[in-house]
Every structure is written in structure tokens, then in C-alpha cells.
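Q: Here is how the chains run, residue by residue.
Protein chains: 2
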Amino acid sequence: MQRIIAAPCGSRPKPRPAINPVRKRYICLPFCLHKNVAAEACIKLCRLKSRFRYDGLMRTKILPTLAFSIVFLLSGHAPETGNAQQAGPHLMPMPRSVELRPGRLSMDESFSVRLTGHRDARVSGAALRFLERLEKKTGIPLSRFTIGDPASATLEINCIGAGEPVQSAGADESYTLDVADQNARLTAPSPIGILRGLETLLQLVDLDDESFFMPAVRIHDEPRFRWRGLLIDVSRHWEPAEVIKRNLDAMAAVKMNVFHWHLSDDQGFRMESKAFPRLHQLGSEGKYYTQAEVKEIIAYARERGIRVIPEFDMPGHTTAILVAYPELAGAPGPYQIERFWGVFDPCMDPSSQKTYSFLDSFIGEMAKIFPDEYFHIGGDEVNGRQWNASPKIQAFKKQNKLKDNAALQAYFNRRLQKILAKHGKKMIGWDEILHPDLPKSVMIQSWRGISYLAGSGRRGYSGVLSNGYYLDAMRPASFHYGVDPLGKEATALSDEEKSRILGGEACMWAEFITPENIDSRIWPRTAAIAERLWSPAEINDVPDMYRRLAYVDRELSFLGLQHHAGSFKMLRRMTGDAFIAPLRQFAELLKPAGLGSRVKLRKYSSLMPLNRMADAVLPESDAARKFEDLVNEALAAQSGSPDGLRSVREQLSAWRYTARALKAALEQSFLLEEIGPAAEMIGDLTTLGFEAAEYLETRRKPQEEWIGKAAPVLEQAEKPHAEMLIAIGAPIKKLVEAASALP
Amino acid sequence: MQRIIAAPCGSRPKPRPAINPVRKRYICLPFCLHKNVAAEACIKLCRLKSRFRYDGLMRTKILPTLAFSIVFLLSGHAPETGNAQQAGPHLMPMPRSVELRPGRLSMDESFSVRLTGHRDARVSGAALRFLERLEKKTGIPLSRFTIGDPASATLEINCIGAGEPVQSAGADESYTLDVADQNARLTAPSPIGILRGLETLLQLVDLDDESFFMPAVRIHDEPRFRWRGLLIDVSRHWEPAEVIKRNLDAMAAVKMNVFHWHLSDDQGFRMESKAFPRLHQLGSEGKYYTQAEVKEIIAYARERGIRVIPEFDMPGHTTAILVAYPELAGAPGPYQIERFWGVFDPCMDPSSQKTYSFLDSFIGEMAKIFPDEYFHIGGDEVNGRQWNASPKIQAFKKQNKLKDNAALQAYFNRRLQKILAKHGKKMIGWDEILHPDLPKSVMIQSWRGISYLAGSGRRGYSGVLSNGYYLDAMRPASFHYGVDPLGKEATALSDEEKSRILGGEACMWAEFITPENIDSRIWPRTAAIAERLWSPAEINDVPDMYRRLAYVDRELSFLGLQHHAGSFKMLRRMTGDAFIAPLRQFAELLKPAGLGSRVKLRKYSSLMPLNRMADAVLPESDAARKFEDLVNEALAAQSGSPDGLRSVREQLSAWRYTARALKAALEQSFLLEEIGPAAEMIGDLTTLGFEAAEYLETRRKPQEEWIGKAAPVLEQAEKPHAEMLIAIGAPIKKLVEAASALP
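Protein chains in written order, with this note's numbering: chain A, 1 to 743; chain B, 1 to 743.
Hints in this document: simulated from the structure, not taken from any laboratory. Keep in mind the model is a prediction, meaning the values are calculated, not measured. Glycine included, each C-beta is placed from N, C-alpha and C at the ideal position. Don't take each hint at face value.
[Stated by the list, open to error] Below 27 Å or equal to it, Euclidean Cα-Cα: the simulated DSSO-like pairs (lysine-lysine) are:
#1 A:K569 with B:K245
#2 A:K663 with A:K701
#3 A:K245 with B:K569
#4 B:K701 with B:K663
#5 A:K245 with B:K734
#6 A:K136 with B:K569
#7 A:K136 with B:K663
#8 A:K498 with A:K426
#9 A:K719 with A:K663
[What the hints assert, rightly or not] According to the in silico footprint, chain A covers these stretches of chain B (three or more CB under 8 Å from chain A):
#10 130-139
#11 550-562
#12 589-599
#13 666-679
Could you put together the complete structure from these sequences and hints?
A: Quick look at the structure:
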């Protein structure tokens, strides 16, 4: 077989000795695969096809030690025309090893599946779902497929062993996938690996000018980190079971394996308790999960290879619990469900036996419902005010030689840990619980940072990273993608210490989410986090990540996620009937401000509608990112590319037109009025960018006056407007700077 | 109160004596409501807002006898800025009487509901759903609303009586709605009227620069026809329960009241039978509704004021039944599930006692499940071949003096009718069952035409119209809107005869539908049929219908209908990742060929994928209709409007660009390859239109050669391309004809 190293589009191929007579072809990665075409034509086709830019082409890296390998082997069998797969497989997370081979497996109504090896309900269930999704993906009626056909089925699913009865953090998730011309084979040591492999298989399915097909490929895959989680806070805003289920579907699609269910906080207690029914009766305003629903969701997650870890945050963040049982608090009640965001005083009384009796019974009840070995007790953000104000608690501290509130909380946690152990659970909590008195079985979830995580690793505790994965910060996928639990700050750790860093968890806190916009806040960005946690560290090319993310984005919509549909509905609501097209275009120029910024700009409560523009626009603007690429390309040439600058001007002109045209619409809707100034600002900003591009195109130095006027516009553009940020400020600033620097 | 007659935009108001001091305002209908602005400005604003054209403005008709009334009363309280409601209420179906009053009811978190009068689970259920939908529509968290608040709630829902235990065709559906500044009141004699009124209320909710609100209004409403149905064929292609449920939601939204469930045909028997389990076991390939599901759907429909009428087509269209019970057939079996479309030979044996014994037991079983008074026995398209070929049946005919197969079928129907009567059901069937021997309680559904319906009315039979409401013909909403069950052919009937025409039913036959595209084939067009059947005959302004249909279209998406989302998914599937924007634009230039045309173009079977462009494009192109308006406007002026012609040219140029740009994409997808010629044709056609507009603009007569070349292009454009029709052919033909006629 002839291995061909990917070369940038149009570059001269270096001849290599042919090992076998497979026909050679030189390829442009990751955007095209045109055989023997001139560089010019290739670039043009690439652009046309991918709508990405030439300068985004992946620079091929030949890694000295191939911890992973992607090898493209192409023969005359490979399709001539372009399709997404030819730009490199659109797999996400990228498997550990992908070897593309000559040939393809065409898919039509004759496609069939056969299960071999260990019989497992999860495997047959997953095979059925696979076929259903294949049917949706292709539109081919596949429902008549036989499962268990003893003859030569197209796809053999071979599950070797039973796996664990309750999935643990140590579960084997590996699988091997072979796709050849006539058939495919998926093998895994356990059902979980089969689940992961089926997701890869689905991502491989593509269409070209001949048919639906999977490229011939050999994949061996296993995760880099064993803990790849998503936290959803259902306390601050409620999310019904169907929202949880579709997000579990999405998690499974990108091979995540821990659903961290933040069920209780100051703003609501969301779990039915039969032992303490006042918890959900008084703490939820009717918005809670019944135990039957919870069990159904746990089963749903298990079928998808996802563990469910409940979090009942304590001793702080417990207002909703204390509404029901004020006698557990550090100060007399009564308490009311918290309506605002922040850190509040109500806190459990760690000096009272009542507290531990309650916790013993409550955790006993919950431990029977949640099968996972871990149980999350929160433990964050205790402000200590109630403890300081209580003579009884102060006396208790003195009596027990607890020098400060941290020591008091550690005391609480030791007792809590014993209760958990009694009920067969290991404790996990946020950074703050870390205390040398706790046994090493306790696990730390770090919201503070990699250095804290590394610190707990050094002290012998396992941990997972959440700092850098907070979705409510509204950072781009590329930011999260760059956060590695074993990043720079962990390099000093020994291998053993490193092994204690189990992975990470994306966190979806619920101050600004509703069932309508939650999907858009989680997806597709979380897919980039999922890849960081699954794939080899060397898979880190940002443009290629975005190329594949766009594919996953589409697949998630097919799967039923509402990340685009929800946003669109919200925009339509705001306009009444008209103006949806320009409003949609305009929305692409904005992104919501992060949590930290929004809570400063307005006093929010949980009762306020989240139906404004800031709640609808997507966290990351593809249009803005592409525009930034366009600007970079235009400015990359020595003296600016005239073609590129013209494209930049055309784009800016179109946006300026949109912003101006919208003005009347904005005034007609009380939900849109507040973005008038942002529209104004975008009008100014696009004008400025347009003029800068003109100066650059004509190589005419702008007058000092123009430069002077530009500064405040650019500055203004960096500020929040109606709790949103303008997404195209940075590239326009670049244009202005380049124009100002003209000789 | 001062009544102001709507006047075209910018026309001079005629002074009328003021009856009270409410401030007068002159209004432009149906597109704007600008106070005291110059005609020019008003037109401009109208255009901007509605994207409709000035020439589409509704011509005000003062009807001599006001069978209905829409009165606009405006005061200083009315909002100053435009919104959709101001263009006339966007209600569909339009109520019998709508009186807009001064003022508005603002809606925010304080909105509350109170139920008075008769207590009914349907009313309280509907009130809850109303609140949930209000929450979705506004984004305001409304879930904490109290129902039954004894104090002054915002909305009082007053249900006077219990209504019928089983909804009949004679159910009272009337209601009265009063919306004032501070509160609203909905009153109805029965729960059904409350359901209808709540849908109207939801349609009234709008937003403007102040808030969400309902305009102050007094509405009295009741339907013109008592039978407003939708047939869904689940035999030729299967539709799961969730598809049926969302379509019931949509039916309720437009006040339809009969779901006609075509459960059995040659291609499948879709109902579980416990008495005859082979029916669903052998007749459905696993795709059938369990009795529990059917009961759930009937309950779901009842909660929405919809009757469910099952159809088990017989004695023809029974292949799937005969697969299970060949002994009931007119010829020996065995039979196989039919895979193709058409009229087939297999038919029940009307001469055999076995047939009637089976029917007695089967109908006995079904009669207990379906509570409706009517039971549909099909009765259409018996080709008689099996009967002619059977000596036994021939002998039976002779013995019973049945001169032909029609008489034999009438004999079968008489016996069937007695069985139905025994089980408490009235018989309904297609045209063919009409025979003087049948009792007058039998009802006719006419697929053949209004004249047949009128004929059966004259003979004393009740009937409903389906001819003209076949959705698979892929006709525009305006076509169906123009079909009136009491149209021209019924004018000669006496009032009593007319009263026998109970209404109509839209029919969704399933040769070319799947769960993915069914919604787009039914909606929004069926809303226009719903209006024809509910609203006064005088409500027949087509542009205004389309204005309101656009609103309903959006509301249906909010309700969960997949008529746009499904089509979009299918287009995305075809392109792989890229090109979705131009493909979507291109799709707007096409519409699927009707059933009759498609079955001639290709031999279809029920196993073939319906994943091609013809399955994805929408039955009616809004873009094409708007373009036609644009062309009409441009050609209306004496010598053509230069501005209008320029707009026409710009539009054609954009489309031509799209068609050309798509070419490469089409070649890359085997699902799109076949539309290459259509793209080519649209390229030619738009070029032709562009040139014609240019001739018209420059008033330059085209050469004979150009005219000669145009003819074959126009002719070609009228033919199907890949089982689709080009939607913009007609207006381009108009342009060419106008150019050719230049002096």
C-alpha cells in the first residue's frame, strides 16, 4: 500500500517510492481532494465547496511520535467528485487512529445488521437506534432490516464481553471499526465500546454522486480521559425531562459519558423525595422530577453509555431545602425560594445532629435511586455569615477546635463522607471541599483552575476540570478547545499524579437558560470540549475543528437538538411576522454577554422572561469567524489583497444595509427596541471598516482626523449593547489599524 | 361609537358624522395603519413592513347585507407604530363577526385565568394548554398562573353547558369573545365553543413597541359548515402516533373538527384487532396502532374538539385484509401486501356469508373503540374483475337479480349498513356507495365533485365535499380556497337540500408522503380550506387570505409542526454539508408535480425512498407568488413601470446566479444530479425573463428571432423536471408576451 502524505493544496508533490501499484493522488487538506488539478482551480473548488478560505488549510504536521495517525489511502475506487468526507473524515471527536483505505461501502435498502458475541440489551437497543438514525439520515426506509440475520449481513456488531453492570469511571470504551467494500465490522470488548463505535459509524455515512456510503476505513479508538461530563443546572431555571433526554442524545453523539445533574440550589429543589416530600413540594413550585422520571432518565442515559451523577449542593446553596426544613439551617427561618443570582447566606447547620440525621435518611433514599458510585455534594461558596452569627455554632467550633469556617466545613464534609460511604457512595465536590482530613477516595471537581486540579492531584486526590469549560461565559468553541486538563500547569506532575486527573466537565449553569435556548448554549460548543477530552492531545488544529464542528452541528439538528430551531423561533417571536430574514442576519453579528457581565448590567430574577435578543443570539457567530478569516486573508498579502479587500467591503456593505434596514422593525417591537443602539453602532462600525478597506485598496493613507474618529467607535464597539457584544469588532479593528499604518 | 370604513392607503377620507368623540383615523388596509401620513410614506412603510405590494391592498367591499362584519374602531389608545394586527386581525379562519374597539389588553406575567360556569375537564385542560402556548408565544413564564382564581382574573372563561358526551356533527361550536383594556371574557354554550374561542384568543396575541397585547375586540363566531375534516391515509405510507397528534394540534388551531383516519387499504392494515389479530400481524409489517394508542389518539382529539372517524375501505382496496383472511376474497389467495399505487383486483366476496360474519365481528370490535356516530366504509374503486371472474358470484348475482356490479356492491352496502346500525353506527362512504336502496341516514363523501354532492343532496342524502380538497394534487392554497361546497353547482338546490351539504374534508393520500414531509403537504394549505369551511362565504379575498396564512404558517411551526423544518432537513441531507443556502433558495423556484403526474413519470413502490428533491420542495412557493405580484405590478402601469421592471430584473438575475452556482453542488450528490436539467432550464428561463424585462424597460421591440427562441423555452418550462414543476414559469411567460407585444 502506498501512503501519501497530505500536502497543502497546489504544492508540488514530492515523489515517494511506490510500495504497491495503488494510484497516487495528491491532496489538499482538509478542504478538498482534487486529483491533478492546478492549484488555482483547486483553491477555487475548495472555496466553493467548503466556504472556508484557502489560508485556513491545515498545515500538515508530521508528528515525530505518532500517538495517533490519520492516513489517507486513495485508489481509483475513491469518488472523483468532492464531498465533505474527502476533506478528511468529519469525525468528532476524532478517533485515536483513522486509516482511510481504498474503496467504499455503498449503502442502500439492502443494508443489514448482525449481532454477534455477547448478547446485551444495550447493544441491540443501540443497533435499532442506529438503524432509525440511518433511516433519518438517508431517507431510505430501513425499518425492515433484520437484526441477527445469520447470513452475511452488511454490518457485523461484535460485542465481546458483558461490561460492568453499573458503568464506572473505569469502563472500557474502546472499539475497532473496519469498513470495507462489501461489509463493515465493529468490535468492542464491552457494550460501551459498541455504543461509541456506532456513533463513529454514523458520522462516517456520507453521500456523493453515486450513493450514500461509508469510506473504507480502519479505526481503532479509545478515549484519552475517562471522565467526560456535562453539568446541567436545573435549579435556577427548570428543564423538563424531554430537554434532558435530547441533551443525553447529543452527549452520546460526541461520546461524553457523565451527566452531572445539578438538582438542588437556592432557587429550587428539583427531585421528588418520598422520605422528605416537603423538599419538592415546597422547594420546587411544582417543577421537579418524579422518581419515576429520574429512573427513566437514568435508564435512558445508561442505554447511551452515560453515567448519571446527582448533585445536591450543601451546606451552602441550600435555600430551597431550608424552605422545606428550616430547622436544618444555621439561623431561624422561615426561608423563601431565592429569586436572584449570587451567593446567599442560608446554609445548613453543621453543628446540629438534626442535619446529619436528615442527610443520612435523604442520602439513603437517593443512593437507592442513583446507581452511580459517585454522589456530588457541591460544597462550594459557603459565605459563612449564618455560622458567624450563631453563638451555638461558634461554641461548637470552639469545642471541636475548628479554627475557622473552612475547618467547620471540613468537619461537615467528613461526616457527610461517612454517611455517603455507609450508603455505598464515593464523594465528589467542588474545589472548596479539599481538606487533608478527607480520605483519598474523595474526588474534586475544579471550577477554580488547572493549578487547583494539579494541586489536588499532587495531594493524592482524583479530580476533573471544569474551569475553562463554563458554557455560560459565552466563549467560542476554540477557547474551550484549548483548555486541556493536562495542560501547561500540569506538566510538572508525575505520571501517577497525572493519572489522577480523570477528565473534565462542561458546565451549563442556568441563570440565563430556558428550555428554549439551553440547546444553543450547550451545542455545538460542547462537542469541541468532548473532543478535547476524548481525542489525543495532538488533535488540536482549530480550523479543522471548526470544519468538523459544522458537521456535528448539522447532525445534532438531525438528532432533534433545538440549538438552531429555538433561536430562530425566538427571533420570529420578536419581529411579529416581518423582517425575519434581516433580523436573522443581524443576529449573526452579535453574541450574548457572558454571565458575569449580564448580572452586572441588570438585576435579574428567576421570574423575568428570557425572551430578549441576548437570550436568542448564538454564543458564537460563524459569520463573524468567517469574516475574520476573510480579513486575515486580505491583510496577509504584502500590501493587501485587492480581491480580498473587495470581498471585505462587499460583506461590510451588506451588513451595513441590513443594520439600517432593520431600524424601522426594531422600533415596532418592544423586545427589539433596546437593540437600536447596537444597530446604530454596527452601522458606524461597518462604515468604518468599509472606509478602512477602501484606504487599503487604494493604498491611500487616511487623514489623522479619520484615525482620531475611528478610535472611539472601536472602543464603543467593545462594550456590551443590550447585554450583547458585537461579534465583528476585532476584525474591523484590524482593518482600521492596517489602514492607519499605511505609509 | 364612531365607525370608520377602511379606505385604501392615502385615499381622501370622506367625513362622516361622529357619533361619539373617539378620535378618527384613516387607515390603509390590510397592510398598515398609519395615522395622518402622506400616501407616499404610508405606501413605503407598508411595503417595508409587509413585503407585500401596494397593488395587493384589499379593496374594501361594503356588502349590502352584512352576513359578517369587520369593523375597525380606533382611538388614541391604539399603538402608533405598525404591527401585523394593525393590518387587520391575523385571524384564520376569520370569525363571523369581528368588531375592533378602542384599546388593548396588555399581557405580562400578571396575566391570569378564571374558569366559571360548567366545570369540564376539557375546558380546564384547554385553559392549561392555552397558557403553555401563551408562554411559548411570548417567552413570559406563565406557568404560575392560577386557574380558578376567584378574584378578578385577566381572562374569564365561561362555559355555560356540558355539551354532548360524544361530540356529534351537530355540536354547538359558537363562542363570544370580549377583550377590553383590563380583562377579557370568553363565553360559549359548550366546551367545544370554548376550545374554538381559545384558538382565536391565541391568534389575537401580538406584540408592538409597548408590550405583548390583545387588541380590544368583540367577536361572535360560529362555523358556516359543521363538518370540517382532514383525511390522513396511513396505509400507503405509515405515520406514527406522534405525527397524527401534531396534525390534530394543527387541525384544532384552525378549528377543524373531523379527523378521518384512513386505516386500511391495499398497502397496509394499520389497526390492531384483538378479534382478528392476523389483520395487523400479517397486514401491516409491524406498522400499526395498538388499540391503546388509538384510544389515546381519540382522547387527544376529543380534548381538542375533534371527532375521529375510522375508515376501513371495503369491498375494494382490501388487499391487506385479504393477506390475513384470503377466504373473504372473491378469488382464491394467497395475497401479498400491495407495493404499488393504483386500483387493484383483490376484493371481498359479497356473495359469501363468511364476509358478513367477519364484518359483524370486526365492526362490533371497532365500534366499541371508535365512539363517533359515523363509521366510514370506503366503498370506492371496485374494479369488479374478481366478481366477473367468479362463477359463484355470477350465480349469486343472477339469483338475487342484481343486474350489474354496482347493484352487487349496493347489496353488499345494504348488508353492511345493517351491521353498522346493529352496532350503533351510521354509514359514510365515497360517492360510489350512493344507491337508492340505502336509507337516508347514509352519508356520502364526494371525491368526484360538487355536482355529485349536490345530486346526493337532492336525493335526500347528507354529504361532504372532498373533490377540490385533494392535497396530493399539489395545488396552491388559493385554488382550494376557491372551492366552496355550496359553490356554483349547488345554487339550484333548495335550502333544505343545501342543508344536507354538511361541509368538506381535505384529503392527504399517502403515495408520496412520509413522516418527514407529511406536514409540509398538509400545512399551511389546509388552513385555507379550514377557513373556507368555517368562515362566511363572503370572506374570499385571496391576497388577504395569504397575508393571514403566512401568520398561521408561523404559528403552526411554534405548535411543533414540521412543515418547514422537515423540508429543510431533507435539503440538508441532499447537499452533504455545503450549499444549503443556495439550494434552499433554488428549492423555492420548484414545486412537486401532483400525484397524477408523478405516477406517470416513474413506477413507484411503497418501498422506494422518498428522499428526493420532489419530496422535499414545498407544494406552494411563496417566492414565486410574490414574484408574480411583482411582475403584475410592473406590467400594470400603462407602459410598464421602470422601477418595477428593474426589481424584476434584479430578482431574475439573483435566481440565475443561484441556479448557475448550484451546478457544481448538484453533480456532487446522487440525490441532486437529476435536477441538473431543471437548474439549466431555470438558467434559460430567468435569462429570457431578464431580457424581456430589459426590452420592456427600454421600450425596444425584440426581434422575431428572439421571440421565436422564447417559445420552446417557455414550453419546456411547463413540463415536469425530475417530477417537479417550475414555479416561476407563468410570470416569465407574461413578461415575454408583454415584450413580444411591444409596438
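Q: If a hint holds in the structure, say so; if it doesn't, say that too.
A: Hint by hint, here is what the structure shows:
Between A:K569 and B:K245, the direct Cα distance comes to roughly 21 Å. Compliance with the 27 Å bound is thereby established for this hinted pair. In summary, the hint linking A:K663 to A:K701 is not supported, as the alpha carbons are separated by about 33 Å, beyond the 27 Å threshold. For a cut-off of 27 Å, the pair hint linking A:K245 to B:K569 stands: about 21 Å separates their Cα positions. A hinted pair counts as satisfied when its Cα atoms are at most 27 Å apart, and B:K701 with B:K663 does not qualify at roughly 33 Å.
A C-alpha spacing of about 54 Å is found between A:K245 and B:K734, which places the hinted pair above 27 Å, so the restraint is violated. Restraint check: the Cα-Cα separation between A:K136 and B:K569 comes to about 9 Å, which is no more than 27 Å; the hinted pair holds. Between A:K136 and B:K663, the direct Cα distance comes to roughly 26 Å. Compliance with the 27 Å bound is thereby established for this hinted pair. Between A:K498 and A:K426 the alpha-carbon distance is near 20 Å, which keeps this suggested pair within the 27 Å criterion.
Only pairs whose Cα atoms come within 27 Å are accepted, and A:K719 paired with A:K663 is accepted, the gap being roughly 20 Å. Counting residues of the segment 130-139 of chain B whose C-beta lies closer than 8 Å to any C-beta of chain A gives 4; at least three are required, and the coverage claim holds. Residue count for the segment 550-562 of chain B with a Cβ under 8 Å from a Cβ of chain A: 5. That meets the three needed, and the coverage hint holds. Under a criterion of three residues with beta carbons nearer than 8 Å to beta carbons of chain A, the stated coverage of the segment 589-599 of chain B fails, only 0 such residues being counted.
Counting residues of the segment 666-679 of chain B whose beta carbon lies closer than 8 Å to any beta carbon of chain A gives 6, which reaches the threshold of three, so the coverage claim holds.
In summary, the numbered hints that this structure violates are 2, 4, 5 and 12.
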